[in-house]
Each structure stands twice: as structure tokens, then as C-alpha cells.
Amino acid sequence: AQSVTQPDIHITVSEGASLELRCNYSYGATPYLFWYVQSPGQGLQLLLKYFSGDTLVQGIKGFEAEFKRSQSSFNLRKPSVHWSDAAEYFCAVASNFGNEKLTFGTGTRLTIIP
Amino acid sequence: NAGVTQTPKFRVLKTGQSMTLLCAQDMNHEYMYWYRQDPGMGLRLIHYSVGEGTTAKGEVPDGYNVSRLKKQNFLLGLESAAPSQTSVYFCASSYRGVSTDTQYFGPGTRLTVL
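Chains as they are written, first to last, in the working numbering: chain A, 1 to 114; chain B, 1 to 114.
Keep in mind that the hints were calculated from the coordinates and are not lab data.
Treat the numbers as computed from the prediction; the structure is a model and nothing was measured.
Built from N, CA and C at the ideal position, the CB exists for glycine as well.
Some hints here could point you the wrong way.
[Unchecked claim] Chain B stretches covered by chain A per the calculated footprint, using a threshold of three residues with CB under 8 Å from any CB of chain A:
| hint | region |
| --- | --- |
| 1 | 37-48 |
| 2 | 105-114 |
[To be verified] List time: in silico BS3-like cross-link candidates among lysine-lysine, alpha-carbon distance up to 27 Å:
| hint | chain 1 | residue 1 | chain 2 | residue 2 |
| --- | --- | --- | --- | --- |
| 3 | B | Lys71 | A | Lys101 |
| 4 | B | Lys57 | B | Lys14 |
| 5 | A | Lys101 | B | Lys14 |
| 6 | A | Lys101 | B | Lys9 |
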């Protein structure tokens, strides 16, 4: 069964500092990987996704993520955070068997301090 | 273009009452999904539909029913609400399946069962 672990429940960073959010997945084959962002009171918005090819994926709002098969990781990064990046971030994995099961991690809440 | 909309935004039920949550999308998407989000947990798939007139069970289907009579609408029903169904419910849609296409999420419905 596929699963996702986001080890950090809450992260606080200063505005302008760099950010890395961790995501580890468990899946037997090559997974499809996603990062979503959820602002307070809002639905989820897709930041980026990895299906195949280049292991460094660029997304919206200046985010990027790197797929590392050897570490079963798909960490999200941003070189300089803005106050508007404060939100909850979810990593998710899907299988390539067409069973429509998108498995989400428990989320990481990001707080930005001035 | 409203995207994915959900009705109602908030609802309080008493144990044993029934209700229907409505999800509508105007993007001509084939696939539609219902998720629930609980504190400390990622989103979990309740039911989904791969086209008009079809439905399928997700990860946590017990206590819920769904219908997809029209392509643009996906209804989630609770026949006899229980406190364990207190949650935030999200609807999502995509043109094709989760392994090939981006899911677009609605703003959510916050349901409290007393």
C-alpha cells in the first residue's frame, strides 16, 4: 500500500529565508508525486507534480521539488519565502495503476515570521 | 468560470439526521471526488466518479452514499449522521484520472454532527 510521511508538523521560518519541507513516500513502483498548498479556509491548490523525467520539478509561486528515488523522498524547496507562503502544505502520492487513490500526508503547517 | 463549488459552506446536524452535500464543476471534467479532512490527518478519499452515472468507493466510504446523475454535479449523502462524521469535506474534479491529470479542489464544507 502506498503511504506518505511528512515528518514536520509545524515549521517556522523568517521572511526571506530559504525553506525545505520534507516528504517521504512508500510505494513499490515509480510513484506519481504531488505537493499541494492549503491557505486557511481554502481548498487545496496544486503547487507541482512529478510523473517522470527530470527529477527536479518547478512549480508555481517559486517552489521546486526534487524526486530522489534512493531516499524515497520528494522534498519541497523555496529559496526565499514570503509572508504569503504561510499555509499548510501536503505531499501526496498516486499509483500508476489507475485506481484513483491519491494518498496524502498529514501536512506541514508553515508559519512565517517578520 | 467558477471552477469547483460546494454547497453549503457550513452545516450543523444532530446525530441521526440526514443531509446532502452538493459539488458542482463547470470545467467539463469527467472525474469527480469527495474527500474528508480531519485534524492531524491528510485528506482521505470517500467516493469518486469516473463519469456521469458512475460511482466507486474510496478509502473511507462507510456511512456515505454518492450520486452522479449529471456530469457537472457530484452529491455526497449522509443518511444517518454520526459524530464521527464531523469533518471538513472537500470535492475535487479532474478531466482524467489522478495519475494523469491535476485535481481541482473546492473550498470545502465544514460539517459538525452533535
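Hints, verified against the model:
As drawn, the region 37-48 of chain B meets chain A at 7 residues by the rule of a beta-carbon pair under 8 Å; at three or more, the given contact holds. Residues of the region 105-114 of chain B with a Cβ under 8 Å from some Cβ of chain A number 4, which satisfies the need for three, so the listed coverage holds. In summary, the hint linking Lys71 (chain B) to Lys101 (chain A) is supported, as the alpha carbons are separated by about 21 Å, within the 27 Å threshold. Simply put, Lys57 (chain B) and Lys14 (chain B) have alpha-carbon atoms about 25 Å apart, close enough for the 27 Å limit, and the pair holds.
Simply put, Lys101 (chain A) and Lys14 (chain B) have alpha-carbon atoms about 31 Å apart, too far for the 27 Å limit, and the pair is violated. Among the hinted pairs, Lys101 (chain A) with Lys9 (chain B) is consistent with the structure: their alpha-carbon atoms are about 25 Å apart, no more than 27 Å.
The structure does not agree with numbered hint 5 stated previously, though it agrees with all others.
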